[in-house]
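Peer 1: Chains as they are written, first to last, in our numbering: chain A, 17 to 343; chain B, 3 to 549.
No lab work stands behind these hints: they were computed from the structure.
Okay, derived cross-link-like pairs now, DSS-like style, lysine-lysine, Cα gap no bigger than 30 Å in a straight line:
1. B:Lys500 x A:Lys320
2. A:Lys324 x B:Lys500
3. A:Lys289 x B:Lys432
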Amino acid sequence: MDTEKNLNRREALLRLLRVAGVGAGAAGLGIWLNARSQRPEVALALSAKRGHTVAANPSLTEMAIVQGDDPSLLARHAIEEMGGIRRFIARGDVVLVKPNIGWDRTPEQAANTNPDVVAEIVRQSLDAEAKKVIVTDVSCNEPRRCFQRSGIAEAAQRAGAEIILPDPSKFKEVDLGGEVLRVWPVFEPFLNVDKVVNVPIAKHHGLTGCTLGMKNWYGMLGGQRNQLHQKIHESLVDLADFVRPTLTVTDCYRVLLRNGPTGGNLEDVLLKKTLVASTDPVAIDAYVAKAVWNLEVDELPYLKIAAKRGLGTFAFEKLRTQVKQLS
Amino acid sequence: MHLPKPTRLRLISQIFFFMLFVFLLLNTEFRGSFSSSQPDIHLFYPVSLFFQLDPLIGLSNALASHALYRGLLWSLTIIIPTLFLGRFFCGWICPLGSIHHFFSSWKSERKRGKQLLESNRYKRWQTAKYYLLIGILVAALSGSGIAGWLDPFSFLVRSMSLSVLPSTNYALQASLGWLEHCRFVVVQNIGGALHFILGAALLNFKQPYFRQGVWIGLLFIFLVLLNFRITRFWCRALCPLGALLGIASRWSVLGLVKNPEHCNDCNRCLLRCQGGDDPIGGVPWHRPECHLCMNCVDECPEKGLQFQFFPVQKVAETNLQRRKVLTGLAAGAALVPVMRSTPGFAAERHERLLRPPGSVDEEFFLSRCVRCGECMKVCPNNALQPALTEAGTEGIWTPVLVPRLGYCETSCVLCSQVCPTGAIWEITPKEKGWAVENSGAVKPARLGTAFYDRGRCLPWAMATDCIVCEEWCPTSPKAVYLRPAEVIDAAGNVKQVKQPYLDPSRCVGCGACEHACPVQDRPAVYVTSVGESRSRSNQILLNRRKG
Numbered sequence: 017m018d019t020e021k022n023l024n025r026r027e028a029l030l031r032l033l034r035v036a037g038v039g040a041g042a043a044g045l046g047i048w049l050n051a052r053s054q055r056p057e058v059a060l061a062l063s064a065k066r067g068h069t070v071a072a073n074p075s076l077t078e079m080a081i082v083q084g085d086d087p088s089l090l091a092r093h094a095i096e097e098m099g100g101i102r103r104f105i106a107r108g109d110v111v112l113v114k115p116n117i118g119w120d121r122t123p124e125q126a127a128n129t130n131p132d133v134v135a136e137i138v139r140q141s142l143d144a145e146a147k148k149v150i151v152t153d154v155s156c157n158e159p160r161r162c163f164q165r166s167g168i169a170e171a172a173q174r175a176g177a178e179i180i181l182p183d184p185s186k187f188k189e190v191d192l193g194g195e196v197l198r199v200w201p202v203f204e205p206f207l208n209v210d211k212v213v214n215v216p217i218a219k220h221h222g223l224t225g226c227t228l229g230m231k232n233w234y235g236m237l238g239g240q241r242n243q244l245h246q247k248i249h250e251s252l253v254d255l256a257d258f259v260r261p262t263l264t265v266t267d268c269y270r271v272l273l274r275n276g277p278t279g280g281n282l283e284d285v286l287l288k289k290t291l292v293a294s295t296d297p298v299a300i301d302a303y304v305a306k307a308v309w310n311l312e313v314d315e316l317p318y319l320k321i322a323a324k325r326g327l328g329t330f331a332f333e334k335l336r337t338q339v340k341q342l343s
Numbered sequence: 003m004h005l006p007k008p009t010r011l012r013l014i015s016q017i018f019f020f021m022l023f024v025f026l027l028l029n030t031e032f033r034g035s036f037s038s039s040q041p042d043i044h045l046f047y048p049v050s051l052f053f054q055l056d057p058l059i060g061l062s063n064a065l066a067s068h069a070l071y072r073g074l075l076w077s078l079t080i081i082i083p084t085l086f087l088g089r090f091f092c093g094w095i096c097p098l099g100s101i102h103h104f105f106s107s108w109k110s111e112r113k114r115g116k117q118l119l120e121s122n123r124y125k126r127w128q129t130a131k132y133y134l135l136i137g138i139l140v141a142a143l144s145g146s147g148i149a150g151w152l153d154p155f156s157f158l159v160r161s162m163s164l165s166v167l168p169s170t171n172y173a174l175q176a177s178l179g180w181l182e183h184c185r186f187v188v189v190q191n192i193g194g195a196l197h198f199i200l201g202a203a204l205l206n207f208k209q210p211y212f213r214q215g216v217w218i219g220l221l222f223i224f225l226v227l228l229n230f231r232i233t234r235f236w237c238r239a240l241c242p243l244g245a246l247l248g249i250a251s252r253w254s255v256l257g258l259v260k261n262p263e264h265c266n267d268c269n270r271c272l273l274r275c276q277g278g279d280d281p282i283g284g285v286p287w288h289r290p291e292c293h294l295c296m297n298c299v300d301e302c303p304e305k306g307l308q309f310q311f312f313p314v315q316k317v318a319e320t321n322l323q324r325r326k327v328l329t330g331l332a333a334g335a336a337l338v339p340v341m342r343s344t345p346g347f348a349a350e351r352h353e354r355l356l357r358p359p360g361s362v363d364e365e366f367f368l369s370r371c372v373r374c375g376e377c378m379k380v381c382p383n384n385a386l387q388p389a390l391t392e393a394g395t396e397g398i399w400t401p402v403l404v405p406r407l408g409y410c411e412t413s414c415v416l417c418s419q420v421c422p423t424g425a426i427w428e429i430t431p432k433e434k435g436w437a438v439e440n441s442g443a444v445k446p447a448r449l450g451t452a453f454y455d456r457g458r459c460l461p462w463a464m465a466t467d468c469i470v471c472e473e474w475c476p477t478s479p480k481a482v483y484l485r486p487a488e489v490i491d492a493a494g495n496v497k498q499v500k501q502p503y504l505d506p507s508r509c510v511g512c513g514a515c516e517h518a519c520p521v522q523d524r525p526a527v528y529v530t531s532v533g534e535s536r537s538r539s540n541q542i543l544l545n546r547r548k549g
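Bound conformation, chain B alone (with noise of 0.2 Å):
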């Protein structure tokens, strides 16, 4: 019986994930329907799949919560593995490590002949992971989720949401726009269809705009581009959770069996080796680094190499440094600290940091959210952008709600049923209490409080009828209430108008106020954090208090 050769199954592997891991990702939004009329509206797939089955989100949420978030405990079916295997999760599964495999099998004037072998080596800078590991979890265990900055799927996912799916959207509606308004019907038709095609998968509705999208966009780009230099040098000197795997291979069953007498030192092995890991004869094998991709036995051309489960051969475990692994203590200690002296975390607040619906209160929130941009993604209204300021050093990337991009939809809580960590802790519509069929049983989730500018608002200021804040607030009964009010306008006529109040008691701090005020630049209506449910000292009235 012939075999499919391994490299060939790894293949199908990696584009069966890479795919999964798309599909889920174009799925993180509510398209509709029209043959439904569901009342009740959620996400038909596990769109955070890829974080549950993440070791190193689950690992960072556990030590900073000192729990696991639902669902977290789907990683034991990539960590268990891993203990016997190795680090087979990141040559066969891994989206990102997909992508980098992709752009490092480039053809490139940097890894040609002799410099493509020699940066195929095993090199020490590949412990520098090992080094951000150690540091990304000391700042778990002192309750941060920073983990997320470099964790490989937040990476992507945020990468993606935010900048490179956003860009190819506005790409192709541009394309298609030129198409459909061409002079000739036939280019129109074929633009019609395209339109018709895309739009069922890819398109946006509404074109997402992310603040920073830029940023998070090039140093994706970089990193990719990196891989023309040294393949997979992500996956080799920087990803966290690659260093969690490498370590938990320590005691793998399988390992590489180099076979002395058929190597005539031709190093063919090196030309397609992922991880650096020395399959070359004469030196001993990293096990840690090995992604498993199968290239080395693919290429060997005296078959003098083979994985074999308990192997006799001496493998090199990772050789860290003390001094080193102290440095990467020291700092992950350090940084929460550093992070948290400065004000912005307790004791003067971002009146801006406005927080999804759910949210856990902000101790609880920087410590679990892992910066990963699901809830942005999801977010029907776009309104949900990667903090830069508004949530400190620390919570850069983190979720806040800007109201003049979009404000939170009163019946939506898609951003909870997203959330893999729990930062934004899952909530049912009913729970988040906005629209109650019966009132006055749930406490309403709030987000803050709007306030009004009354030197910009139409009928404070300037003699002129609006109210569009108090159309659009969506509580019952409305927190925008109105007064009659005689104003004088320029001409020196008495004028009969609405002026809107806010009465806090009621306010959600949707931003639906903020989002509908006319005055477009910068609106008469506002709302800032203060009142917001999941905070006990961020009130203004007394009987909130009582928590």
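Next comes chain A alone, as it looks inside the complex (with noise of 0.2 Å):
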């Protein structure tokens, strides 16, 4: 180059310095990034463990059971008959109503929870002056097809809840801290509400015999959630031990006795007209196994460990029930 004859040590300095900082500024990253190395690992789950339960009342009834023709009707007067919805809904709560919205399948059918219903309680809920009602599920088929055809979204969202799709991107890393399943992905909505009201169906289940209330809460994990059934007794008490919700109320209205979870004959459909509340997870389950399916707690383990966590009571014959009949 021409210009190296005409170089002077000044330039020749700077030229020198400016090299000598880039090397310079070169070792430095490469020191910091040096110590920075780590084998990576997936990063540290949240532990949200958080109860939705109110506060027990000796004098307020456990189990509500309700039969009759209009589901919106069953739920009022099940809330009724649990002592009211401001028992368990505070002014300027955040609930989560969480039903079945796992299939594409229609009310009919019988696999996912009666709209009408989750309607109902969305609508008390506010009466009592909720801040905000969340309707959500992660469903098992397509989403948008379940959360259409299912009704619960347009049932729910006239009701004036807000409904989330499970967004693929807003799950969370959450050690459940249970005995078989620890860090797993919950769908972020879960994670941050004032109660929770579960709003599960009653149905056939290859595997246990019947799905109720505690199987419900795999609708709000990501992941492979497929594995669960290797240990499912053990992961339902898990999950049942990571959300206390605040109420559950089960649907009986129709009942899928058959080729379940998913059905999709309406020979499979038993019409029951009935629906069972209460506050204990355990007792709820218990009563609708023996009353639908006649299925003793000695059939059902995952009943026994979760009484034996202290979730809930297996002998539902102890709470103090009430019984309806609307005419």
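From the two separate chains plus the hints, produce the assembled complex.
Peer 2: Encoded structure:
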């Protein structure tokens, strides 16, 4: 280069300084990055165990069984029998209502919770001045189809709920702190709410005989939840231990007796026109299993494990129960 | 009165049809509704409209199937005006043409000054598209829908749906994720707002994944980049639809009239010529190459160029060489027999050749399918993928169901609603018959049959409870049934588990079991095509052969 001839000392020094500066920077960056080196691990999980229960009241009903023709009326009366919605929902609460919206099925096929029941619970919660009512589920089938065809999205939105589709980008790794379930992706809306109302539907299930309230918590998980069946009883209890609902309302209006949990055939559906509500998530499952399928506690080991962990009692006969027949 | 310039009108038309195309493409998806619980799900818009307007698809469909499928008659609205006016479609409507037009107008080192003028003169290689067209039409006549490999809409929809849009979605989601997880609340809020806006129109609910997406995308980018060398190379040299419309324009009554007294050989008319049709003075105008873009008329400083009805000037028609025409004919005629005399077509079916519900038998399928990817775009479970080897050479880019990526949704028939050519014949959810309200009446559309790999199945091989396959099985009664069994685990303990079995007479081949199987890499239950209702021969059960 022709400029090299004219290079004076000052310019040469400056040039050296510049190169040295870049070199020092590169070295510094390299050393810093080298010190950061670590075997990559998945980000540490959130620990967000939260109970949503309200204080027990020895004068109030623990389980309500209501029978009648209109699903919304059933929900209204069930909550009334339980002591009214204000027992459960306080002013300003953020409430999450968790129906089963797992399958691409219509209400008549009874694979998802009855939309009128969900809507009534939303309406009541808003009447009790809840700040916001969220209705969501992590569906098995394609969620947009499930939410629409189950009728739940429309009914709940009309009742004033915020409907949240299970957006795959909105899951957080959470330490469930269970015995078999540790770190799992949980759908975010489940993590920061004041009250949780579990609204499962009673259905037949090939592995356990029936799927009821505690199994409904599968619907807050993402990831490889198809592995949970390998230790189904233990994982059911771990989930129930992680989410302690304010109230469980089990939809037995239409009961899927065979080919559950998907069904599809109207011949599999029994019109029982019943709604069961309880503050005890164990007792309500034990009761519905007995009342619909005549299954004893011994046949559903998760009930015993749950009772042992103090989540409730399987001796549902001992609960203060109200039975109501709407004409 | 002052009329707007014809080039301005053309630009408006191009923008309108391009936006319409993008709008329809983005709406080739069921987004669901919270304000409706309509159980019958269908798309709001006629999303395959551009295919129905496409005379090449119509002609290919007619030659291959000796009929015109639903809606393809609309292509008359393009071909008949072309007979009178010429290739207005290429210059004014075609969205792929508009993309090439747009990129061709960018400045490029390779197209400057004299080079640009030279590149816009008519070239012999522009006749290549006619030979391709001949090959494609002869192939169609012998029963193959390979027109779709080069048809501009198939090409565009396939490239956009399988590559451009999924990668755009990935990039946007990743950037939004950055914003939304930023430590500053303001940035988070901006991210949230952007997410909301983009989510309503553009973002996918779930990131779509497509096999061969990279190659399909690179091919698209390559053809777009060619515009920097030669203006609208695709339209001039390759597009078989352009060739078809070029031939149809032979009798057109609208033509470019050159006024020799006004011409001072400035060559400005060549500057922005789209078709390479020689609007300059001294040589005849190549009518079949002209896109009617009107740029030459606009550019001529002497107002010496005009489009007129019933022009009296001599024009150059496409001059095809007999030898090459014969080559095209021979290639088209040979192509199908060569591709079909491999075992893939009839003698030995690929076990994973699972076609979407409603598909017609393979022979008819290959003759109708134009490999456009509409079905793959609309599939809510991202289950339909472009074939590479499953359907033989001829079947490249035809749709196959890949249950590991997504199963066939029980009540969904969207792919059959968007298919423009009837390769996937339109069916209703009731005709699909997987979850019938009144059982037994309808014969279900079966895609195949599930099989167990007992060596990998948890209750069979590992003394572990599972039966997720049975849980997901959508038929009623379920095709997967359970039997209690006593198994002995590694410690020697006797254990009760339920083991899954399959009843092939109930299985519809939806792939839900395979999709849900917890054995992630190679599932313990998998679907193969045997038992598919579209085929009479690909059956296991004797009583299915009744047809």
